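Spelled out, the chains give:
Number of protein chains: 2
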Amino acid sequence: MKQFHDRIRAEGRVLPGNIIKVDGFLNHRVDTALMRDMAKEFKSRFDLTGLTAVLTVEASGIALATICAEEFGVPMVFAKKAKSDNIEGGLYKSEIYSYTYKKKFTLIVASQWLGPQDKVLIVDDFLANGEALRGLVEIVEESGAKLLGIGVAIEKGFQPGGQRLRDAGVHLESLAIIESADESGIVFRGE
Amino acid sequence: MKQFHDRIRAEGRVLPGNIIKVDGFLNHRVDTALMRDMAKEFKSRFDLTGLTAVLTVEASGIALATICAEEFGVPMVFAKKAKSDNIEGGLYKSEIYSYTYKKKFTLIVASQWLGPQDKVLIVDDFLANGEALRGLVEIVEESGAKLLGIGVAIEKGFQPGGQRLRDAGVHLESLAIIESADESGIVFRGE
Numbered sequence: 001m002k003q004f005h006d007r008i009r010a011e012g013r014v015l016p017g018n019i020i021k022v023d024g025f026l027n028h029r030v031d032t033a034l035m036r037d038m039a040k041e042f043k044s045r046f047d048l049t050g051l052t053a054v055l056t057v058e059a060s061g062i063a064l065a066t067i068c069a070e071e072f073g074v075p076m077v078f079a080k081k082a083k084s085d086n087i088e089g090g091l092y093k094s095e096i097y098s099y100t101y102k103k104k105f106t107l108i109v110a111s112q113w114l115g116p117q118d119k120v121l122i123v124d125d126f127l128a129n130g131e132a133l134r135g136l137v138e139i140v141e142e143s144g145a146k147l148l149g150i151g152v153a154i155e156k157g158f159q160p161g162g163q164r165l166r167d168a169g170v171h172l173e174s175l176a177i178i179e180s181a182d183e184s185g186i187v188f189r190g191e
Numbered sequence: 001m002k003q004f005h006d007r008i009r010a011e012g013r014v015l016p017g018n019i020i021k022v023d024g025f026l027n028h029r030v031d032t033a034l035m036r037d038m039a040k041e042f043k044s045r046f047d048l049t050g051l052t053a054v055l056t057v058e059a060s061g062i063a064l065a066t067i068c069a070e071e072f073g074v075p076m077v078f079a080k081k082a083k084s085d086n087i088e089g090g091l092y093k094s095e096i097y098s099y100t101y102k103k104k105f106t107l108i109v110a111s112q113w114l115g116p117q118d119k120v121l122i123v124d125d126f127l128a129n130g131e132a133l134r135g136l137v138e139i140v141e142e143s144g145a146k147l148l149g150i151g152v153a154i155e156k157g158f159q160p161g162g163q164r165l166r167d168a169g170v171h172l173e174s175l176a177i178i179e180s181a182d183e184s185g186i187v188f189r190g191e
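Line order of the protein sequences matches chains P and V. Per my numbering, the very first residue in the first sequence carries number 1; after that it's consecutive. Per my numbering, the very first residue in the second sequence carries number 1; after that it's consecutive.
No false leads were slipped in.
One copy or two, it doesn't matter: identical chains are merged, so the pair holds either way.
Listed next, the in silico BS3-like pairs over lysine-lysine satisfying Cα-Cα at most 30 Å (straight line):
id	residue 1	residue 2
1	Lys119	Lys21
2	Lys146	Lys21
3	Lys146	Lys43
4	Lys146	Lys104
5	Lys21	Lys81
If you're looking for bench data, these hints aren't it; they were derived computationally from the structure. Model, not experiment: these values are computed from the prediction.
Make the full structure from the sequences, and use the hints.
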């Protein structure tokens with residue numbers, strides 16, 4: 001998606017610590033028309049035959065996952081981040097470490113909304129270390145559902161999450177893979 | 001929206017403490033087609049002339065706000081819930097008390113995404129005590145933007161948030177107003 005690369009380059013800001021800020025159109029103020037283009041792009045990249053749900057995690061994945069779910073004609077399910085161990089039953093759970101918040105979270109999904117009959121596409125806005133996505137994959141496995149793939153808006157190609165998922169055999173599609181980002185600019189994979 | 005009332009009655013569950021669980025279609029698993037119908041309903045109820053943004057708060061308001069923003073052709077901005085006082089500058093802030101989590105949060109919106117040139121519709125999934133919406137209204141006021149109104153999916157009419165906002169002169173539209181909910185069933189305002 002060249003238009004998406006151009007947008008990241010034009011409006012994204014690179015902050016110290018390899019942080020790429022795209023909060024003007026992706027994860028604070030959201031350009032919904034861009035999300036719609038992304039959903040259509042995912043549709044062309046995955047075989048979504050039999051898809052029953054789009055799965056993401058709160059909060060910044062929800063906008064893209066919502067538009068994807070509507071585009072594909074299925075419900076959107078978002079995992080919640082529980083901050084305590086005091087969680088009721090009837091839930092799929094996966095513990096992840098957030099590098100952003102520097103603490104552990106438990107991702108939870110009510111077991112009634114995902115099961116062996118489901119075929120799931122996971123969608124998220126960012127992939128860096130891949131902890132959130134690893135947690136979502138675990139929840140899909142725990143539920144017995146079939147994982148059709150993972151669609152990501154921006155992957156930080158210089159962090160290990162994407163490679164780990166591909167090595168595990170997951171069909172991962174990232175619409176922009178950033179190879180490097182510093183004061184001299186952003187370089188995308190394949191350029 | 002009679003179809004929405006019927007859906008709440010058919011699939012909602014009333015839990016002790018006046019909790020109404022609608023997580024099968026509104027705020028855990030999300031029916032995006034229903035969100036689209038709601039967006040169209042809001043369009044018919046508000047004068048959205050000059051609208052520049054839909055504003056909500058993470059996490060469960062994002063799905064509805066995203067579909068509304070796309071329907072109205074404007075960006076969606078979501079306030080973040082900061083858990084600490086250690087917040088950088090350039091932000092609008094409002095402190096709220098969450099009855100759900102029984103603690104204070106600071107809602108934050110980067111000041112570059114909202115200003116005096118903006119006309120805003122606030123959207124959220126639930127209105128009970130109205131703390132989150134009060135916080136969002138404060139942020140709109142702080143930014144100098146004009147508030148066109150507030151659109152809510154479900155209002156708990158037996159809690160004070162809705163009345164407070166109406167008394168303050170806000171144009172509030174709730175697609176379902178629940179007057180009472182207990183083991184005998186759910187009663188909507190106007191029935």
